[in-house]
Amino acid sequence: MKFPPLKIYALAYLLFLYAPILLLPLFAFNDGTIIAFPLKGFTTGWFAKMAENDTLRHALSNSLIIALTSSAGATILAVFAARASTRYRFRAKGSIMGLIMLPMVLPDILMGMSLLLVMLEVLRVNLSIGTVILGHVIISLPYAIAVLQTAFATLDQSLEEAAVDLGETRIGTFRLIVLPLVMPGIISAFLISFTISLDEFIVAFFLAGNQPTLPTYIFSQLRFPSSIPVIMALGTCLVAASIVLLSVAEFFRRRGLKRTGAKDTGGFL
Amino acid sequence: MTTQPMIAFREVHKYYGDYHALRGITAEIRPGEFFSLLGPSGCGKTTLLRTIAGFEDISSGAVLIDGRDMAGVPANKRPTNMVFQSYAIFPHLSVAQNVGFGLRRDTRSKGEKAKLVEEALEMVGLKGYGARAAHALSGGQRQRVALARALILKPKVLLLDEPLSALDRKIREQMQVELIKLQREVGITFVLVTHDQEEALVMSDRIAVMFEGEIAQLADPETLYRRPNSRRVADFIGVMNFLPATVTGERGDTITAEVAGLGALEVARSQVSLAPAGDQAAVGFRPETLTLLYEGQQAGDREAQGVIDEVVYYGDMTYYDVRLDGMERPVRISMRNVFGRPVLDVGTRTRVAWSPGALVLFR
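These protein sequence lines are chains E and V, in that order. Per my numbering, the very first residue in the first sequence carries number 142; after that it's consecutive. Per my numbering, the very first residue in the second sequence carries number 14; after that it's consecutive.
The reader is advised that the hints may include incorrect statements.
Unchecked claim - Simulated crosslink set (BS3-like; lysine-lysine; CA at most 30 Å straight-line):
{"#": "1", "chain 1": "V", "residue 1": "K126", "chain 2": "V", "residue 2": "K167"}
{"#": "2", "chain 1": "V", "residue 1": "K140", "chain 2": "V", "residue 2": "K126"}
{"#": "3", "chain 1": "E", "residue 1": "K399", "chain 2": "V", "residue 2": "K140"}
{"#": "4", "chain 1": "E", "residue 1": "K399", "chain 2": "V", "residue 2": "K128"}
{"#": "5", "chain 1": "V", "residue 1": "K169", "chain 2": "V", "residue 2": "K90"}
{"#": "6", "chain 1": "E", "residue 1": "K399", "chain 2": "V", "residue 2": "K123"}
{"#": "7", "chain 1": "V", "residue 1": "K123", "chain 2": "V", "residue 2": "K140"}
{"#": "8", "chain 1": "V", "residue 1": "K167", "chain 2": "V", "residue 2": "K140"}
{"#": "9", "chain 1": "V", "residue 1": "K183", "chain 2": "V", "residue 2": "K167"}
{"#": "10", "chain 1": "V", "residue 1": "K194", "chain 2": "V", "residue 2": "K126"}
{"#": "11", "chain 1": "V", "residue 1": "K126", "chain 2": "E", "residue 2": "K399"}
{"#": "12", "chain 1": "V", "residue 1": "K128", "chain 2": "V", "residue 2": "K169"}
What the hints assert, rightly or not - Sample of chain E residues with no beta-carbon within 12 Å of chain V, all distances over it, derived:
{"#": "13", "residue": "L156"}
{"#": "14", "residue": "S236"}
{"#": "15", "residue": "I237"}
{"#": "16", "residue": "Q298"}
{"#": "17", "residue": "G313"}
{"#": "18", "residue": "E391"}
Said to hold, decoys possible - Partner residues are not named here, just some residues of chain V that face chain E (Cβ under 7 Å, in silico):
{"#": "19", "residue": "G55"}
{"#": "20", "residue": "F97"}
{"#": "21", "residue": "H105"}
Source of the hints: derived by calculation from the structure; they are not laboratory data. Where a beta carbon is used, it is the ideal one built from N, C-alpha and C, also for glycine.
Next up, chain E with everything else stripped away, as it sits in the complex (with noise of 0.2 Å):
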């Protein structure tokens, strides 16, 4: 390196951004409930005391649930508003789009506190992962949509129009050549609408009523000491969780392009 103060630098930045995450393994191993150095000694009780616990399994499979289904809708819908801006001209489609788009920039609070007046005094519903999943659908269409159309943007429209003029029909073509040329797009706008959900805690604190998911459990338990090495478990889960994730999703990517041969614009890894 010609110029250490950079790479001191970089290398600090790094620091800064991952030792943290590194602490979770760390602590989850550690035999004491208190979190502070020096380490005790190894143990996996946590992990034990983790699949034990009722509510945290219940707050699991909430998440998973709304996560699920909450990507899969905004995954969806996405496809739909991003073919339909990207292929037809319609009136006043700028602001439109621009509409379905701002909840990107909107705060969460302020999604959430609407959100929650619209279902218990205009909708008259009760709370329950049905209105999170709801909310999470509306926090994470912007961002499905914005990859998508990036996918359907660079899909070549003399494709279609080659697959029709050879006898398929429009929802043939759709379904043969646009839907296979847009999955890689389809597989990260899921990714991410799934890990914006997971993690979301505004929405999620306003909408679900008593049901608990994985960010407002967590929250809630950190209250309680005992509780913390239990929840430092639970965040090593996720951690090794989410590079597993990571790992499929770029798999799926490079297979993707090696498959159209498509120019590798860089991805997740």
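Since the structure of chain E is already known, use the hints to place chain V on it.
Same frame as chain E, but now just chain V:
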């Protein structure tokens, strides 16, 4: 010929909002013909091609294919297939899957379809390429896959949208010859869109030259080249020298025009074409209809004298810009570089032979 045209355009108009893209196209394309739509970009040639395929609705008029009005017939139900400018090869499918794509709705057995695909690939010189990934092919190979894919359905008309423009010159010239051969072999009507006048001249039975949404001239290549019906067509196809002329007399079928440097010319009425309104009359010469005379050579019909202004050497040909005595601007003359004929230098005084039969009078 009294046979029914394969394609007939009747007063076809197309508007994009206020933009008048096609302005009353009326033309007929004969069965089995290699037909080209030639013109500069934005002249409407691609739009016209896409009205045949069914990708563009027309604002008024009618497009008939094999006698049947295509109004309301969607692109997937028309007896036409298209080779796209970008080739539009499906990148996620193999070569064989690409070529066989149009057979998906066919009721024939798998084995029969596979045989058809193999035949189509053999026809375009890609035998044994079926299992390859389509995205791994070269430009020329993609072109062939696109052709095989379009021809496997045995369409009545094959539409080609600037199919050779993305290829290197060598491959392009090779493909031109192959396309002509292929067209003769399959006997299908080909309609080619191109902005390359040379390509159109080489490949077509007939050419429609288009400007600004209208057909300016529809003729066979030789007529188009020798007797352009307007100065604009003459300018677009090849090189033509224009010399200002003054019409001095008309008698029966003969018109007399005075050209500075060439003197008084008598031309037949069949040699008269359109000049833009208000423009001065002019006579037009192709560069190869004039000849430099070397020492001792005898003149043809007429002879003029001048000085060589510029020499452009092309290997097989040399272009000379010659300023004839009494003329303001030099004329371009092309000479074939036959063995033993020296290339002349700039500034050489030379004699030029020409024939009144080879010229066109624009008025």
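For each hint, the structure was consulted:
{"no.": "1", "hint": "V:K126 - V:K167", "verdict": "holds, 13 Å"}
{"no.": "2", "hint": "V:K140 - V:K126", "verdict": "holds, 15 Å"}
{"no.": "3", "hint": "E:K399 - V:K140", "verdict": "holds, 24 Å"}
{"no.": "4", "hint": "E:K399 - V:K128", "verdict": "holds, 29 Å"}
{"no.": "5", "hint": "V:K169 - V:K90", "verdict": "holds, 12 Å"}
{"no.": "6", "hint": "E:K399 - V:K123", "verdict": "holds, 28 Å"}
{"no.": "7", "hint": "V:K123 - V:K140", "verdict": "holds, 19 Å"}
{"no.": "8", "hint": "V:K167 - V:K140", "verdict": "holds, 19 Å"}
{"no.": "9", "hint": "V:K183 - V:K167", "verdict": "holds, 29 Å"}
{"no.": "10", "hint": "V:K194 - V:K126", "verdict": "holds, 25 Å"}
{"no.": "11", "hint": "V:K126 - E:K399", "verdict": "holds, 28 Å"}
{"no.": "12", "hint": "V:K128 - V:K169", "verdict": "holds, 21 Å"}
{"no.": "13", "hint": "L156", "verdict": "holds, 42 Å"}
{"no.": "14", "hint": "S236", "verdict": "holds, 21 Å"}
{"no.": "15", "hint": "I237", "verdict": "holds, 21 Å"}
{"no.": "16", "hint": "Q298", "verdict": "violated, 9 Å"}
{"no.": "17", "hint": "G313", "verdict": "violated, 8 Å"}
{"no.": "18", "hint": "E391", "verdict": "holds, 19 Å"}
{"no.": "19", "hint": "G55", "verdict": "violated, 19 Å"}
{"no.": "20", "hint": "F97", "verdict": "holds, 4 Å"}
{"no.": "21", "hint": "H105", "verdict": "holds, 5 Å"}
Violated hints, listed in ascending order, are 16, 17, 19; each of the other numbered hints is respected by the structure.
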